[in-house]
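The listed protein sequences derive, respectively, from chains X and E.
Residue 0 is where the first sequence starts when you use numbering that gives the first Met the number 0, and the numbers rise one by one after that.
Residue 0 is where the second sequence starts when you use numbering that gives the first Met the number 0, and the numbers rise one by one after that.
Rather than coming from a laboratory, the hints here were simulated on the basis of the structure.
Small disclaimer: the values here were computed from a predicted structure and weren't measured.
It is possible that part of the hints are untrue.
[Unchecked claim] Computed cross-link-like contacts, EDC-like style, restricted to lysine to aspartate or glutamate with a CA-CA straight-line distance of at most 16 Å:
1. X:K304 x X:E432
2. E:K488 x X:D79
3. X:K29 x X:D187
4. E:K315 x X:E625
5. E:K458 x E:E370
6. E:K115 x E:D28
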Amino acid sequence: MFFLSHIWLIPLLPALGAAIMFFFGRKLQKATVSAVCVGSIVLAFIMACGAVWQYSAWSSPGEHFHQPYQTILYTWLGTDTGHLTYTTHDGAQAPFQADAGFLLDPLSSIWLLFVTGVGMLIHIYSTGYMAHESGYYRFFGYLNLFMFSMLTLILANNYVLMFVGWEGVGLCSYLLIGFYFHRKSATDAGNKAFIVNRIGDAGFLLGMFFIAWNFGSLRFADVTQLAHSGRFAIGDPYITAATLLLFVGACGKSAQLPLYIWLPDAMEGPTPVSALIHAATMVTAGVYMVARSNALFVLAPASMKTVAIVGALTAIFAASIALVQNDIKRVLAYSTVSQLGYMFLALGVGAFAAGVFHVFTHAFFKALLFLGAGSVIHSMSGEQDMRNMGDLGHRIPITHRTMFIATLAIAGIFPFAGFFSKDAILWETWSREGGAYRLLWYVGYATALMTAFYMFRLMYLTFHGRPRMSHDAEHHIHESPVSMTAPLVALALCAIVAGWLGWPHSLGGSDRFTAFLEPVFATEANVLQQQGRTTQLEAGAKEEERNTTGEWVLMGLSLAAAGLGWGMAWRNYRHADKGYTEPIAAVPPVYNTLLNKYYVDEGYDYVFTGRRKLGNARLGVLGLGEGSSWFDVHIIDGLVNGAGWITRLTATISSWWDKWIIDGIGVNGPAILARMFSYPARLFEWGLVQWYALVMTAGLVGFVFYYVYH
Amino acid sequence: MQNHILSIILFTPLVGALVLLFVPKENKDAIRWIANLFALGGLLVSLPLVPMFWSQMQSADRFKFIEGVPNNWIPSIGAGYVIGIDGISFLLIMLTTLLGWISILSSWTAIETRVKEYYVWFLILQTGMLGVFMALDFFLFFVFWEAMLVPMYLLIGIWGGPRKLYAAIKFFLYTLAGSVLMLLGILFLYFHHHALTGIYTFSLTALYETAPKIYSDPAYGPGIATLLFFAFFFAFAIKVPMFPFHTWLPDAHVEAPTAGSVILAGVLLKMGTYGFIRFSLPFFPDVLMHTKVRGWMITLSIIAIIYGALVSLMQKDMKKLVAYSSVSHLGFCTLGIFALTPLGLSGSVLQQINHGISTGALFLIVGILYERRHTREIAEYGGISNVMPVYATITMIMFLSSMGLPLLNGFVGEFTILQGTFMENWRWGAWAVPGVVLAAAYLLWLYQRVFFGPVTNPKNEKLHDLTPREVLTFVPLLIMAFWIGLYPKPFFEILEQPVNQIVQDVRHPRSGAAVNAALQATPPATAAVTASSTRGKN
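One chain only, chain X, in its complex shape:
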């Protein structure tokens, strides 16, 4: 059981790679950098495969049947003594503790496998893509750090450690989006990503506190067990609050309305980053977290509804923007947002396994699409605007063919991966809870149509039609090196077969994917049972059996939508030449709104950030900041300085009073008076002896004259 008992090594290996890059990277050769950083991920992938393999043996029927495997390294937060406690909602004392502990169960196994697998392929691809960039070691250091964070997120056995990975991936995302830090647009996008994610993280934090308050623990195992114990009623307000707040966190990380705005801008980063972080792995963290908390979410129907509605709205909203974008990466970015919406739709209607299944298939075909786009951009010497592409199909054939497979997969064409997962989601949306979510099915269905259209539009504009690039660029077009095409081929293979794991029963398959996840999600049925809602379960089961035909009809409809979207794109863009017209441009207001992304960024800048002034007033955070600074300088410090000024004024007045009144009139006044009155007297006595003698003589003479002549 080496691999299983050492699962903590899986995140640690890339951390080690990142540490080596941090300390020595600058002095290392590019080849050494690649060897260390790719090597660490390859090792992690091998360990992950080994761990999952050993886990499936460990948890097979027997002592540990369907149990999660846990291993605890050390107590991270808090103490072991149990004296550091907090008071929970019901007045009990709960120890404050968070382990550096790791957990492997079917849910984390799936993420573990595709994150290390896709991560490995993208690392290999990056050695080709980034070969001519400066800061090569920095790039791989960040990528390794990202893998560490992502794997911590996946393998954590409690919410706090999950939060470590959660914030860690956000940090790496920030660092990698701003990798070209000379470009202001890149660093702006990085800041935006980090800060918007932080808003979500704040929600996550509060959600965690609500959980700790209710359950007295933040370990997944404890929380799940308590949630299933029947102590909590369905619709418990605090659990609803906790789940809604967790979902705020998920909206930030997984780019859902209204916090999706950072993801399209994140395309400023190098393309492998977009593939790894902003398509395949990090952005699915929100889905993972909600799926991980499924025991809580099923206790909060209001939260489930919110998740489903937000997911469906995001799906169609982002897909509509993708219809008219011209930047190849932006189309893919909005596509990612839209597909993530699908996943949340599935979670929200309670089809957790279907949501996770879509995460799994999406990881392959979306990573492939981004890497393909990277290959296109690479061959076009950095050009990203599809208006300046065209007719690349035969010049970069491997890229073209692999991307075509990915497009078939995302559009949901049978039997490519996306067909199975998307179909599962749409079917569940249609049939769950007796059709309560059918309205959302229409939204999802319309999104499927749009998806096929914008993806085939992308393909035709890029690989077909007339060449629209400059002669200079045309000259340089070349297929990418093997280090880049090999991962494309590997991913293309996955984009075909990954879906087969979930081949549905209605088509004669056994849906092994859902069966594998059963230990994690089946418990939801237990909860319903405990809460006495068995009839509903049975009704659902019956309906499902009856509706195999219904499932076929829906599949047919999905295929029709995909075909329709494909056909529309084929008609419009197959021969695209310079100055081709967009069909939607026929209605300019709609076209402009979509092209400008519903003006949401502008709106946010007016209202929330305050980067734009509304008339003369600045609102939002910057407005508050300006107001506060003014208040600080003029009011608070004004009062302080005012107090100082008053003190000085009174001091001046006192000293004036002292000098002129007390000392002047009171003390010196009498003195002056005395001096005034003494002046005449002084005339007689001024100390000159001769004068005295003169006066005496004169007096004497006077007397003598007086007496003599009188």
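Chain X is fixed; fit chain E onto it per the hints.
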């Protein structure tokens, strides 16, 4: 040595200052070497305290390593040289000796005028700060508290920036105003103790017994106790500084020399929070538990968190930005204190240490650019990571630590405070959380403007990266940041006992509300209370 370890730690810097007096002032390098030697010595003599404290941590005594007995210093007034520590003061002392060494080391090239006086005052300041954290006698405490004020005043006033006199006087008068009120409070407690026991003493442990009784004392009652709380509150709130008493801080920081800022933010501000924990909480438990005072404290803390961050966002001067961020961070610390839960308190103390580490480092970071360019205007910079990559990396790590990124120190403190506060009242926790978002905003924006982009200002093209001495000043801080982030368990273990003790004191005081409630339960006694309190007013 075990018996006098605290005195040794306390007076090592002072001895250094005395030695420096005998060195001719022209011999600048000798002065620097001696000062650094004593600063490092101050750190080294404090290191043995770590294993010593660790081994005594479990003992039931509230204070450990006690030296002296009450009233041994000036028996006639009841003042004693009594020092001792618990887990809280232990951590703050270690922080002080570490930051003291780092800031003296960082001053090597920054200070060129009146070098001798500078180091003498700095070492005296160091002893003053250590004394505040060790004193278990109110008289001794007040001596250190005031003694610390003068060197800081001179450090700002002599070696400060262009508006140094304004800043220094503002700092001095503002803090002194608070101290005067505290002195009145101390004297009240002193005479009250005499009235109850017939003994004149400033001994802290003695006052712990009598001070809580004021609230339910028929002669004084809740009104007087609340007034007394506020007498202490002003002294500590100004020092912290809590909103709205914070405006001296940006001025003092902007004008102070780098090392002064490091010590000011790293240690001096902690005097306020330490005062709350050591005095306000155990002295006035009923005021906190049974009046609206706590609500006000929490409100002011939350305002400080949000408001400090918002004002920080708008600053154009790097140092001012960091200063306002301190207001926000200290808001978290006071929030944790007044949540009055073991978690809130231990998170608060941990966050005080974290703030010393991160913000200390941030001031060093600003100082390094200032020393090279003599300006702190953000607009003067841009693209610095091109020319100073090592510096840029260290800055990024310290920024992340300051904004509370997990696996670095800031997160552990903030998370513990927020959880502790949330469990007491979830609304308080919810109000404080936006501060976390704003912290990311002002720090990342600052980083972008200073470090990213091309080098646009030609004056920045020739900047040289960190020297080995400068790197050395950051190394211990980086190690501490990662240590607390990755393995904070020892810190929690150190704090466990004292915070539980304090919460116990506040929530279940030996006298006070219970007595009061009992009094009010029986009508005749209530009548007696009213009668005697009227008499008291007469």
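Handout entry: Pair hint E:K458 and E:E370, alpha-carbon separation not exceeding 16 Å
Key = Judged against 16 Å, a Cα distance of about 13 Å means the pair holds.
Exercise for the section: Mind checking the alpha carbons of X:K29 and X:D187 for me, to see if they're no more than 16 Å apart? Expected result: 29 Å, violated
Practice task
Starting from E:K115, check that the Cα of E:D28 is at most 16 Å away, please.
Solution key: 10 Å, holds
Practice task
Mind checking the alpha carbons of E:K488 and X:D79 for me, to see if they're no more than 16 Å apart?
Solution key: Distance of about 8 Å is within 16 Å: holds.
Problem - Given hint X:E625 paired with E:K315 - CA-CA distance at most 16 Å - result: 12 Å, holds
Exercise for the section: Could you grab the alpha-carbon distance between X:K304 and X:E432 and see if it respects the 16 Å cut-off? Expected result: Satisfied, since the Cα-Cα distance of roughly 12 Å is no more than 16 Å.
Of the numbered hints stated above, the single one contradicted by the structure is hint 3.
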